[in-house]
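Visitor: Using the sequences plus the hints, can you model the full thing?
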Amino acid sequence: MTDDAPTRELDDLLDDIYLGQERVTQAEIQRRAVAQEVPAELLTRICALPEGEYALEEVAELLGGTAG
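Per the working numbering, the sequence shown runs over residues 120 to 187.
Keep in mind the hints are simulated off the structure, nothing from the lab. Backbone N, C-alpha and C define an ideal beta-carbon position, used for all residues, glycine too. Take the hints with a grain of salt, since some may be wrong.
For each label pair, taking beta carbons as the anchor points, the in silico distance ranges come out as [unchecked claim]:
(1) A159 with G139: 26 to 32 Å
(2) T163 with D131: 17 to 23 Å
(3) A174 with R150: 23 to 29 Å
(4) E177 with P125: 18 to 24 Å
(5) R142 with R164: 14 to 20 Å
(6) G139 with E160: 23 to 29 Å
(7) R127 with T163: 14 to 20 Å
Guide: Here it is, written out as structure tokens:
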């Protein structure tokens, strides 16, 4: 596993969640992350997001991804 693996995993998760969607709620992002069994460190960051809706670029920036 390389240092880019966590970022790649986050980007893949977000790409899947945002397919055909402009904005997604924090709760939906969290549900999908749990369903995809993301690493605990990433799930902790997702759970720490304030409630609300996020565009892909917003959530990627907040979580440290490169999607957008």
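Visitor: Take the hints in turn and mark each one as holding or not.
Guide: Going through the hints against the structure:
Distance hint for A159 and G139: a CB-CB separation of about 29 Å, consistent with the stated range 26 to 32 Å. The supplied range of 17 to 23 Å is met by T163 and D131, whose beta-carbon atoms lie about 18 Å from each other. Between A174 and R150, the C-beta spacing of about 18 Å breaks the proposed range 23 to 29 Å. Between E177 and P125 the beta carbons are some 19 Å apart, a value that agrees with the proposed interval 18 to 24 Å.
In this structure, R142 and R164 meet the distance hint of 14 to 20 Å, their C-beta atoms being roughly 19 Å apart. Restraint check, G139 to E160: a C-beta distance of roughly 28 Å satisfies the suggested window 23 to 29 Å. Between R127 and T163 the Cβ separation comes to about 18 Å, which falls inside the hinted range of 14 to 20 Å.
The earlier numbered hint that this structure contradicts is number 3, and it is the only one.
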